[in-house]
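Chemist: What follows is the residue order along each chain.
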Amino acid sequence: MAEALLRVDGLEKHFGGIVATDGVTLEVAPGEIHALIGPNGAGKTTLIAQLSGSLAPDAGRILFGGADITAMPQHGRVRAGLARSYQITSIFRRFSVRDNLSLAVQARSGSSLAFWRPVAAETALAEEAGRIAAQVGLGDRLDAAAGSLAHAEQRCLEVGLALATNARLLLLDEPMAGMGPDESQRMIGLIERLRATVSVLLVEHDMDAVFRLADRISVLVNGAIVATGTPAEIRADADVRRAYLGDEVPT
Amino acid sequence: MSLILILEQSLNGLQFGLMLFLLAAGLTLVFGIMDMINLAHGSLYMVGAFLAATLVQATGSFALGVLLAIPAAAAVGMLLEVSVLRTLYARDHLSQVLATFALILIINELVRMVWGTDMPLSAPEALAGPVQLLPGMPYPAYRLLIIGVGLAVALLLYFVVAKTRIGMLVRAGASNREMAMAMGVDIRKLFTLVFGFGAALCAIAGAMLGPILAVQVGMGENILILAFVVIVIGGIGSIRGALVGSVLVGMVDTVGRAFIPHLLREFISPAFAGAIGPALASILIYVVMAGVLFWRPQGLFPARG
Amino acid sequence: MRRALTVGVLLLAIAFPLAMQAIDQTYYVTMASRILVYALAATSLNLILGYGGMISFGHAAFVGAGAYTASIMIAEGMPSAWIGWPLAMAVPALLALAIGAISLRTRGVYFIMITLAFAQMIYYLTVSMKAYGGDEGLTLTQRATLGFGLDLKDDATFYYVVLAILVAALFLVSRLVNARFGRVVQAIRENESRMEAIGYPTLRYKLIAFVLAGALGGLAGALLANQNSYVNPGILHWTESGKLMIMVILGGVGHLYGGVFGAIGLLGLEEVLANHKFAWLAALYPDYQQHSLLGVGVAMLAVVLYAPQGIAGLFRRGKDG
Chain W
1 MAEALLRVDG
11 LEKHFGGIVA
21 TDGVTLEVAP
31 GEIHALIGPN
41 GAGKTTLIAQ
51 LSGSLAPDAG
61 RILFGGADIT
71 AMPQHGRVRA
81 GLARSYQITS
91 IFRRFSVRDN
101 LSLAVQARSG
111 SSLAFWRPVA
121 AETALAEEAG
131 RIAAQVGLGD
141 RLDAAAGSLA
151 HAEQRCLEVG
161 LALATNARLL
171 LLDEPMAGMG
181 PDESQRMIGL
191 IERLRATVSV
201 LLVEHDMDAV
211 FRLADRISVL
221 VNGAIVATGT
231 PAEIRADADV
241 RRAYLGDEVP
251 T
Chain H
252 MSLILILEQS
262 LNGLQFGLML
272 FLLAAGLTLV
282 FGIMDMINLA
292 HGSLYMVGAF
302 LAATLVQATG
312 SFALGVLLAI
322 PAAAAVGMLL
332 EVSVLRTLYA
342 RDHLSQVLAT
352 FALILIINEL
362 VRMVWGTDMP
372 LSAPEALAGP
382 VQLLPGMPYP
392 AYRLLIIGVG
402 LAVALLLYFV
412 VAKTRIGMLV
422 RAGASNREMA
432 MAMGVDIRKL
442 FTLVFGFGAA
452 LCAIAGAMLG
462 PILAVQVGMG
472 ENILILAFVV
482 IVIGGIGSIR
492 GALVGSVLVG
502 MVDTVGRAFI
512 PHLLREFISP
522 AFAGAIGPAL
532 ASILIYVVMA
542 GVLFWRPQGL
552 FPARG
Chain C
557 MRRALTVGVL
567 LLAIAFPLAM
577 QAIDQTYYVT
587 MASRILVYAL
597 AATSLNLILG
607 YGGMISFGHA
617 AFVGAGAYTA
627 SIMIAEGMPS
637 AWIGWPLAMA
647 VPALLALAIG
657 AISLRTRGVY
667 FIMITLAFAQ
677 MIYYLTVSMK
687 AYGGDEGLTL
697 TQRATLGFGL
707 DLKDDATFYY
717 VVLAILVAAL
727 FLVSRLVNAR
737 FGRVVQAIRE
747 NESRMEAIGY
757 PTLRYKLIAF
767 VLAGALGGLA
777 GALLANQNSY
787 VNPGILHWTE
797 SGKLMIMVIL
807 GGVGHLYGGV
817 FGAIGLLGLE
827 EVLANHKFAW
837 LAALYPDYQQ
847 HSLLGVGVAM
857 LAVVLYAPQG
867 IAGLFRRGKD
877 G
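Chains as they are written, first to last, in the numbering used here: chain W, 1 to 251; chain H, 252 to 556; chain C, 557 to 877.
Since the hints were made in silico from the structure, they are not lab data.
Everything hinted at is true.
Just so you have them, the derived chain H footprint on chain C, three or more residues with Cβ under 8 Å:
(1) 669-679
(2) 683-696
(3) 798-806
A short, non-exhaustive set of chain C residues, derived as facing chain H with CB atoms under 7 Å:
(4) 849
(5) 856
(6) 857
(7) 860
In this text, a Cβ means the ideal position worked out from N, Cα and C, and glycines have one as well.
I would like the entire structure built from these sequences, with the hints used as guidance.
Modeler: Okay, structure coming up:
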């Protein structure tokens, strides 16, 4: 296997006496869609927060593209190519879809310390925003205020914001949360198409999506990785079945 | 700088700190329970002092006047809560700051209309003189009374908050509003009550400090800021934090003002020390506050988990 | 349409001193200058409070620092506005840099309180500056000099200078909020953690906005000191910060002209209540003019409770609901 894009080594996080992350070791290969599954409260979102840089781990290392980013602030990680989306939609509700996405584009193209030139005149930003909007299926909602979008559309924008950072690795935290079956299918299609350009660490409860998309799956229980393998291996793992998957596993 | 002087200034600091605590306790409860910034708290302190001055004059007795002023101020506080402040709980902090700032102006003018700019209020005759605390250390009897009252109220408050059912509800409300509601508490009544209680504490502070600091319009404005400094240092919503913060601020402020200029003179030229000494002394508590917030952004005793 | 309105109002503002001279009411020129100066101060606060969502309760400190810097320059025999006023922006800007660097790390109520505390520190510093009057304040022997044959002692000239500065500042702010930087600041108000998550070092942008607001506020302070030919610590009192916040809310939070509307509204109200006798009010309470702040307080309370969008909100109502 090629050099890992993301390598997490012995990551630990405690809240008071509660162990949220218990020595997590994990690798995501370039071009891979790596799913992270586990029961509620297993510490998935806490792990994402540490990987993205909004929460400092107590111990362990995070290597991205070979560089140690454990102490790097969140915005620095985004610049380095590591961006996240949120389980609970976090968008700029009073901004239009176009402005949402072009904000994310602006962050990586040129300085934002521009005090004079109207940003509306920057067609390059708007065009790039339009391209990403089309990619996530919002091409015809560019002028709508983000807060006025339907739930599923907001979820697409949520992923679009992460995508617009031009990341090499996306940390997607339950992108299908709250979606109906049809909408989930569209999101699965979107993530499938991303495979060519970007690696993904996918946290998801929708087992159908996980087993269709993932190259490899890691199972997180009580803050620790209990198994990592291909979908077939995970499906066959008796411990995982007992601990978590139960009857949900599609056969 | 004699030992006696240090003792005397420490007692002054304790006395000021305890009065500050009476203000800060009400403020921190309102802040902690209702998540509400009430700048008009200082106005209740002023109203309490004016009420006390009037009632002392009317009854001819300091003790009776002050005792009557306490429920009167509580009534004013509850009236204020029911009429205006209640509508502000659901609003953002900015609206609360501005609305209660407007209330300061309104109450100032109303007090001016009713009482004029100031009112005489002096310590009772019997306590006007000094007591010999230690050989060679006389201390004003009235200031001792303030310390006594402050300690008694602090103890009472501790008892109410820590041991009674009302206190338990208040603590529950401060750390978890939903839980308090789930316990079937009539939150609206509890809030009004807490407000009245806070106003009563204000009145005690206003009445006791009146003879020392003068009863006048605007008297609540600077001490309000000190009370805010206290609760930010102590941790919003925490009575214990308010007590520690109050005594700390009272001590640092009083002792700082008394000794920093002297201390500086030991190290730098007297002229320069005379120039920056008072400045340093008056900003000292803000330096303490900035320091506390830098290392403990939630204050010394955070009430919320 | 909008542009025509702006030009029209500007022309009226230019004609105002001439009209007042014609009817011999030059008092109102001084009054108008004062309103314009406060409009500048409130606009600078609106930059961080309205556009940036930073509830700073210490803006009077920057205004005051500017006022004192400008006054001290004059008192020390350097009356040139070309030196004094830039310095009156630089000193508050540096203060804002230091204060912002610490306080912008805190959130919510703590931010409100820590900005207030820092402003109090600067207030007490000015009280203790015995060489410059201490709490008595400092009387200026002259106004700043500008050259080009402009005499700031002349009230009409002073008015035009203030008007020119305000217009320039408003133009600057209007460019700024629509440029990349302004959009970033507004997006931080909207959702700061997401801004971090798409790659913005948000603290840096907030700090820059804070410093800009401090500099503009300082300039307003310099103008205020010159207008009054006097400065005292009262200009830094926390109630002054409260007044500036009221102006911003009254005028319109995050609206370009919010500070202007607010200054006109609040100072105009104060003026009308204090200096014009209304027969029906006098019948109700003969001495009411001595209690004009009561009316101001009631008006403020009404705005906060019933019109949180401010005066600008009244104009905007049709547009966004």
